[in-house]
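Protein sequences appear in the order of chains A and B. This note's numbering numbers the first residue of the first sequence as 1 and each following residue consecutively. This note's numbering numbers the first residue of the second sequence as 1 and each following residue consecutively.
Among these hints, one or two may not hold up.
[Claimed, not checked] Label pairs and their calculated CB-CB ranges: (1) B:K305 with A:K305: 47 to 53 angstroms; (2) A:Q306 with B:H339: 38 to 44 angstroms; (3) A:E101 with B:D178: 36 to 42 angstroms.
[As the list claims (entries may be wrong)] Far from chain B by the CB rule (all over 12 angstroms, computed), these chain A residues: (4) P33; (5) K70; (6) S79; (7) L105; (8) P160; (9) T216; (10) D257; (11) R263; (12) R272; (13) P297; (14) C340.
[Said to hold, decoys possible] Now the stretches of chain A that chain B is said to cover, found in silico as 3 or more residues with beta-carbon under 8 angstroms: (15) 2-13; (16) 221-235; (17) 249-255; (18) 284-292; (19) 309-322.
Worth flagging that the hints you see were computed from the coordinates, not collected in a lab. All of these numbers come straight from a predicted model, not from anything done at the bench. We put the beta carbon where it would ideally sit given N, CA and C, even for glycine.
Below are the chains, spelled out letter by letter.
There are 2 protein chains.
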Amino acid sequence: MVRNLSRGVFQYAQPPRIISYASTVGQKEGDGPFGACFDCVEPDAHFGQDTWEQAESVMQRRTVQLALDKCGLQDSDLSCICAGDLMNQCIGSTYGMRPLEIPLLGIYGACSTMAEGLLLASFLAAGGVGEYTAAVTSSHFSTAERQFRFPLSYGGQRPPTAQWTCTGSGAVILQQPDGIPDGVCVTGGCIGTMVDLGVTDANHMGAAMAPAAADTLVRYFKGTNTAPDTYDAIVTGDLGLIGSELLCDLVMKQGYDISAVHRDCGAMLYDRKTQDTHAGGSGCGCSASMLCGHFLPALQTGAMKQILFAATGALMSPTASQQGESIPGISHLVELRQHCIKPA
Amino acid sequence: MVRNLSRGVFQYAQPPRIISYASTVGQKEGDGPFGACFDCVEPDAHFGQDTWEQAESVMQRRTVQLALDKCGLQDSDLSCICAGDLMNQCIGSTYGMRPLEIPLLGIYGACSTMAEGLLLASFLAAGGVGEYTAAVTSSHFSTAERQFRFPLSYGGQRPPTAQWTCTGSGAVILQQPDGIPDGVCVTGGCIGTMVDLGVTDANHMGAAMAPAAADTLVRYFKGTNTAPDTYDAIVTGDLGLIGSELLCDLVMKQGYDISAVHRDCGAMLYDRKTQDTHAGGSGCGCSASMLCGHFLPALQTGAMKQILFAATGALMSPTASQQGESIPGISHLVELRQHCIKPA
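Make a model of the complete structure from these sequences and hints.
Written out as structure tokens, the structure reads:
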């Protein structure tokens, strides 16, 4: 079903098609340079709920519902959804998806979750588990900061390397291939391997994740025998401004110059000068909302033809950090292509 | 690649083969009625480490290593491993798998994780992502109790409905099908849907999970047009003594009598009379260790020919419980068959 090219690197013989996607973000993300591209900018950080956790759940659910609405499907049409988030025990996905009653595969890849979800949902679609599958993820500034760092009311100082957890969600719906590639397809993937270079600072995640992104990208270039200029964009998740520089240096050392095509969702999401987000954005929702708000539309319109989407995750927990553990990074990747079949 | 039978229910056209498996448990599990069946009973609850979290990581790693050793493979032979656990941000899997450097797909299905992992790892193997894939999970009494309920030193009273989180781990290695079913294969699966009947008591998880197990089993019976007596055993994860009774009642109401073949890992793991475990065992490691210690050997020797393994998970977190949320249950299922090709 897939062409296995090297360890964890594959391409689809018949690629599944992305038939719908949607993005929801908070007000701060809506005020950023890409604010106009998201389907929904929600000014109420509580999304009408009593708690931040409920807010994130509602955001995720609304995003899936919107993706369904956009392609005229119902939740009962989906054979499964791959869902995950940053909260303890992934409750954004649990309570977000509960009312939709879709067979649920819970995943955890920290901020790499959107790429992991796309990878698995595309695999399940290509393998024939029903006609439609989906992937969704979310993050919320207030749930993540309270959980991983300090409660908001503590008012702690954020160092220059810190990233701003995005309030956002992205959802993608895939269709089983029918033999004719058409529209935007998931054409390949790379399952990430953990890389841990010993970073212990939970406020310096870009440095913790960049080596994993480099490992995944170089594995994919080698496995597929492609070079950076094959792609219109090589998109990473949320390395931010500091991690992005590190990534370009790390892949350059292995003979690949990605600097002309590299784009990082965390570095793009906020205005560096006016939005006080230090090293940029982070969180599962950062790359998910940028994928669904900016990159998938660019592929759909033909402005881009072929991109790599390599979301990046820092596999940490407050317990591990308190025990002095370092932060392993991981980066899963999917290749996305516009297969527009036009009449001759 | 799969025959899609109904929503989320499928069978493999060419089933991937289970070529190795291993189990590790703690001393209390080793003292139970199935103690002799596990590969390793570790008397040191700390597994030689400084913290409970490190102990669980080491247990999970050792179990994967043992499964690799038993079939003569190395970590570098695996194209991916599906791994998850109960700890916040799945750090048992993160730090457990870190030294092994295997492409990692993080999953979260609470105590249903072993079935979710087997479902995905078998799908990836059948789809051709390399020759070997794997699934692993773990739980540890001390990490789970501290996280979900009270620190051990608090010495809280446990109600009769409470279950005892198993210290244990199970790992399974699968091989891509070569067209000839042989040995023990994963022949089908059912992706679980969340079911929430409003249980809010974190000490009554059997009741929270039984409706999800019933939903999954009935969906599988209907989708495959089979009946309970098709199977030598219908194994649930960790419903425990109370949840097991509920499950039998719930499926009976839908016309299926599973009482003769139903076995619950949580009800089996400990001696009810002497081990003070109240309603039985729970935790990701409960069904994982019983699968790898008892059921897979029974299939391998031919004592059983065909079983359903439906692990069950309670998708909760302390944060959600404190906010008054109910506990949705989920149950993923895999069908396992002995395909022994004997000369005529």
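Okay, the hints, checked on the actual structure:
| no. | hint | verdict |
| --- | --- | --- |
| 1 | B:K305 with A:K305: 47 to 53 angstroms | holds, 52 angstroms |
| 2 | A:Q306 with B:H339: 38 to 44 angstroms | holds, 42 angstroms |
| 3 | A:E101 with B:D178: 36 to 42 angstroms | holds, 38 angstroms |
| 4 | P33 | holds, 31 angstroms |
| 5 | K70 | holds, 22 angstroms |
| 6 | S79 | violated, 5 angstroms |
| 7 | L105 | violated, 6 angstroms |
| 8 | P160 | holds, 25 angstroms |
| 9 | T216 | violated, 9 angstroms |
| 10 | D257 | holds, 25 angstroms |
| 11 | R263 | holds, 24 angstroms |
| 12 | R272 | holds, 29 angstroms |
| 13 | P297 | holds, 28 angstroms |
| 14 | C340 | holds, 26 angstroms |
| 15 | 2-13 | holds (count 6) |
| 16 | 221-235 | violated (count 0) |
| 17 | 249-255 | violated (count 0) |
| 18 | 284-292 | violated (count 0) |
| 19 | 309-322 | holds (count 6) |
In this structure, the earlier hints numbered 6, 7, 9, 16, 17, 18 are contradicted, and the remaining ones agree with it.
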